[in-house]
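Protein chains in written order, with my numbering: chain A, 1 to 514; chain D, 1001 to 1305.
It is worth saying that the hints were derived from the structure and are not from the lab. None of the values given here were measured: they were computed from a predicted structure. Where hints are given, some of them may not hold.
Said to hold, decoys possible - For lysine to aspartate or glutamate, the following DMTMM-like pairs were computed, each having C-alpha atoms within a straight-line distance of at most 20 Å:
(1) A:K159 / A:D125
(2) A:K133 / D:D1058
(3) A:K392 / A:E360
(4) A:K187 / D:D1075
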Amino acid sequence: MRFEREIRNVIGRRIRTLGILVAAATLTLGVPVVEAAPSGEVKIGLAAEPNTFDPHLTVGRNTQIFVVNVYDGLTARDAQGHLVPALAESWKRLNPTTWQFALRRGVKFHNGDDFNADSVKFTLDRAINPETKATIGSELSTIAGTEIVDPYTVNVITKGPDYLLPVRLGELFGLMLSPKHTAAVGKEGIAIKPNGTGPFKLVAWTKNEQLVLEANEQYWRGAPKVKRIVVRPILEDAARIAALQTGEVDLIAPVPHARIAELQRNNRLVIKTIPAPRIFHVTIDVRKPPFDNVKVRQALNHALDVNAIVKTLYFGHATRLATVVDRGALGYDASIPPYPYDPARAKALLAEAGFPNGFETEFDSFTGSIADHAKPAEAIAGYLRKIGVNVKQNVFEFSAFGPRRVQNKTAPLFIYSIGNAYLEPSWVIRWLTQGGLGMHYKNARLDEMLTRIEATDDPKKRAPLYGDVQKLIKDEAPFIFLFQADAVFGMSTRIDYAPRPDETQWLYPLALRP
Amino acid sequence: MRAYVATRLAAAVFVVVGVSLVSFLLTFLSGDPAEIMLPPGATAEQIARFRAEWGFDDPLPVQYWRFLRRAVHGDFGVSLRHGQPSLPLIAARLPATFQLTVTAMVLAIVVAVPLGVLAATHRGGPIDLAAMGVALLGQSVPNFWLAIMMILVFAVSWRILPTSGRGGPLHVVMPALAIAINLMALLTRLVRSTMIEVLAEDYVRTGRAKGLREVMVTARHALPNALIPLVTVIGLQFGFILGGAVVIETIFTWPGVGLFTIQAILNRDYPVVQAAVFILATGVVIINLIVDLLYVWLDPRIRVR
Chain A
1 MRFEREIRNV
11 IGRRIRTLGI
21 LVAAATLTLG
31 VPVVEAAPSG
41 EVKIGLAAEP
51 NTFDPHLTVG
61 RNTQIFVVNV
71 YDGLTARDAQ
81 GHLVPALAES
91 WKRLNPTTWQ
101 FALRRGVKFH
111 NGDDFNADSV
121 KFTLDRAINP
131 ETKATIGSEL
141 STIAGTEIVD
151 PYTVNVITKG
161 PDYLLPVRLG
171 ELFGLMLSPK
181 HTAAVGKEGI
191 AIKPNGTGPF
201 KLVAWTKNEQ
211 LVLEANEQYW
221 RGAPKVKRIV
231 VRPILEDAAR
241 IAALQTGEVD
251 LIAPVPHARI
261 AELQRNNRLV
271 IKTIPAPRIF
281 HVTIDVRKPP
291 FDNVKVRQAL
301 NHALDVNAIV
311 KTLYFGHATR
321 LATVVDRGAL
331 GYDASIPPYP
341 YDPARAKALL
351 AEAGFPNGFE
361 TEFDSFTGSI
371 ADHAKPAEAI
381 AGYLRKIGVN
391 VKQNVFEFSA
401 FGPRRVQNKT
411 APLFIYSIGN
421 AYLEPSWVIR
431 WLTQGGLGMH
441 YKNARLDEML
451 TRIEATDDPK
461 KRAPLYGDVQ
471 KLIKDEAPFI
481 FLFQADAVFG
491 MSTRIDYAPR
501 PDETQWLYPL
511 ALRP
Chain D
1001 MRAYVATRLA
1011 AAVFVVVGVS
1021 LVSFLLTFLS
1031 GDPAEIMLPP
1041 GATAEQIARF
1051 RAEWGFDDPL
1061 PVQYWRFLRR
1071 AVHGDFGVSL
1081 RHGQPSLPLI
1091 AARLPATFQL
1101 TVTAMVLAIV
1111 VAVPLGVLAA
1121 THRGGPIDLA
1131 AMGVALLGQS
1141 VPNFWLAIMM
1151 ILVFAVSWRI
1161 LPTSGRGGPL
1171 HVVMPALAIA
1181 INLMALLTRL
1191 VRSTMIEVLA
1201 EDYVRTGRAK
1211 GLREVMVTAR
1221 HALPNALIPL
1231 VTVIGLQFGF
1241 ILGGAVVIET
1251 IFTWPGVGLF
1261 TIQAILNRDY
1271 PVVQAAVFIL
1281 ATGVVIINLI
1291 VDLLYVWLDP
1301 RIRVR
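So here's chain D without its partners, still in its complex pose:
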């Protein structure tokens, strides 16, 4: 077990370095930041001088080597735009990102699991129909549209939630809902289909035959076996939302890593982009590791080799 975790962590180092190299090349290929950072009045010579001062005119391998050498010491350089060390800038945004991601996840799971189970156990009935209707709606509604509608209804008309920003616990409700709704729909359908499969298994029939109550059959025997694909999807989605909630973070000006990173990308603020990629890639790798370990815990038949 310990050896397994160690190997996975060692592999993670390669993943993170690989991702950083790709993102480094991609951001550089799309141009350097001189034109964006200087006022429009800057002349060609001034732009050239600025580029030389910052070392943007060095060959790419030289720049990447310079970056790597510092990154090894945890120094991702000073943000071009903010004039502050970039790693702490990104780290300061992590609590907001976690708050949003975890709230959205919890919301989605708390609704999706019971709804999916109910739909499966009442297959073809009105509950199933209603649940699938909700899921269809949740998957097809664009979340940016939903976000703006929620602002108009909950904040402007009813005045029960703040319009945007981060502050008290109420601030997270709308952005979390906007993110949760797609995920909830996806998870409901997943839970329903795997539950239907599991409910048709022999051991479920055996359970019923020996007189177990239906609740016990569903909750104790069927559900745990339906959870494994769910954990996989949740793990993947968690990683995705960590860095990918950009649209929702922008609409609500939620001060998370996603929003900060997209601003950095648009401004060619390489040190911040690199620090963000490093943190997000590490985060995703760790979450995947946790998911793999969860399998073992959920299904004793899976063994770590």
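One chain only, chain A, in its complex shape:
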């Protein structure tokens, strides 16, 4: 016993000496030194908890925006939403189908394993292996394989040219696993015992009760400021707000828009809003008359007072969009005005199209998805009836609507929203014009424009090319263009937290106020 203790003391002393030496070396080399050790505890109440910590089997955006706290991608986003290096320090396209990533050195997984090219190859091979049955497989389906060039350089080969690959390998779908740990704990183990390189370690998790994160003091960006974060799922809005009001939790998301004004009056709380990249729109089945007539589609856009919807349903905490490109997306063109609310013009357009008395049609909406679609749908139906478009409304549970959409069994009009996960309009527009899954608009010119954009690697050169795309989509009006709603966070004055523009609940910058 005593011998053991002595050994430990000796080792302890040596580690301390080593620590001092390393610290001295870092100081002399001018590398920034971690300021203070993480301290304190912050409690968070969220509407949903992750379904798993296996990054390849995540289901739903609520999981994908959270698990990043224990992992890192090859790339990341900064506070403004720009793509920045993470586990990859740089990347370039060697040829149309090969991206090369230069990896960061000296990064360790929580259990001490080294992060290197093996980890990247293992992770991406696992993601595209059919045996993994990856739920996010669709997001990485362009990958053909991964080649190790040297321990800190990998080439990712894509099936065709993929301009989005560095974004795909970011915080939503490119989280890196440790090969040894993943093999050791197995598929069921990784779901609850993640081992990432991220700023926090998962130390406890009781589903539907709470999960506990602890600071990774060896984090390569520097240790996080908060030592311990307790996350509680609180499903009911009223209960979640009550928990914030009573100080049971310090941070909640989301806060219903209707409660913002009331909570803002409480001087012990801070409400922060940020436009979320979720694009609300009504999809029009352009194959079915009378919607094959562009005048009818434009009439529908003139019929809606979207500003009034933003004001009354979202209490002003939403942004009117002219097309399906959101304000935070690359190449958003603010000079394109939305369709003005003009019921007289709408009726005139309908008359020109041969429907002076309007027509009857059906309109699908649903409840129970990540955002409220039923209330805006109600308002939209009201506006459409005013110009003589008598819509019969069908309201589904989201899990029942999903299969209808996939099997192309929707009504000619249905409300939907798409999260612009990559902050890249082309990705959204490609999805919205895929010619299936309920979305039937196709346009050869648009296709050509997008193909040209996708061949351009440099985002700065890509951005201006989106102007014409937005003009074309607006004129063609294959959708009723709506808005993007704000994501709303409620927090106590005890903490400092700035929500990110890409929906990610990135807790690394979270801090306690002095």
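Dock chain D against the given chain A, drawing on the hints supplied.
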């Protein structure tokens, strides 16, 4: 007696298999989980491939047979959503469910029985009126509204109870009250009406005639005879609350079986739904058996045949 229990348990197997078949068909008829599990960016081919990988494109009888073959060995499959074996996932939620159900039951019974008896013995008087008023209120107040009001009063304004979640003994108070209130009202009315009936029986008059104190008449002679319908209702309600406290479990994020099951249903997480149905159906069958055995104990005239 032993043969009776054995027959009932054997019948229970058929009940549980029957319930599982019906729930299996119902969940499948409402669509498969591929669309819900994949990101919105998934294309039609990707959805089809995913369906094939998981075997969702096999004919229903094949899928049900596959399920049954594993279930016999206690293997309900791995949760599609959680990536964990589904039976232990549900089992881990049982303590929370029992805690909530039993607390609500005890609360309801402790209030309802004395209140019902008092109302019956003071029929038409102010106590009766007050008790019936409380019962009327308890039955007509929607429990989700009551739950949110309690959060605002007890947690936000007075700060004497936690807002939601499960932790110390205080956490169970509001959810249990929210569930108990309807049940309490129902039981109070039931106890009152059966007590009034029983109090009019000949043997009660005989008891009074031979000079027994009113308390003895009520507590020793009348009450036990009024309990049988009460036990029936409590048994049925217990089974109902076990799986049916979903609304209250959701409002308070009470991590019980009901909440977990409803999430599984909405996410088409079949293995979890099946495991939950199995456990809940078994639980209800066992509770019904216990209720039947309680009859025998409460009323010696009832014989097991």
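Here is what the structure says about each hint:
1. Under the criterion of a C-alpha separation no larger than 20 Å, the hint pairing K159 of chain A with D125 of chain A is consistent with the structure, at around 14 Å.
2. Restraint check for K133 of chain A and D1058 of chain D: satisfied, since their Cα atoms lie roughly 17 Å apart, inside the 20 Å limit.
3. Restraint check for K392 of chain A and E360 of chain A: the C-alpha separation of about 8 Å stays at or below 20 Å, so the hint holds.
4. About 17 Å separates the Cα atoms of K187 of chain A and D1075 of chain D, which keeps this hinted pair within 20 Å; it holds.
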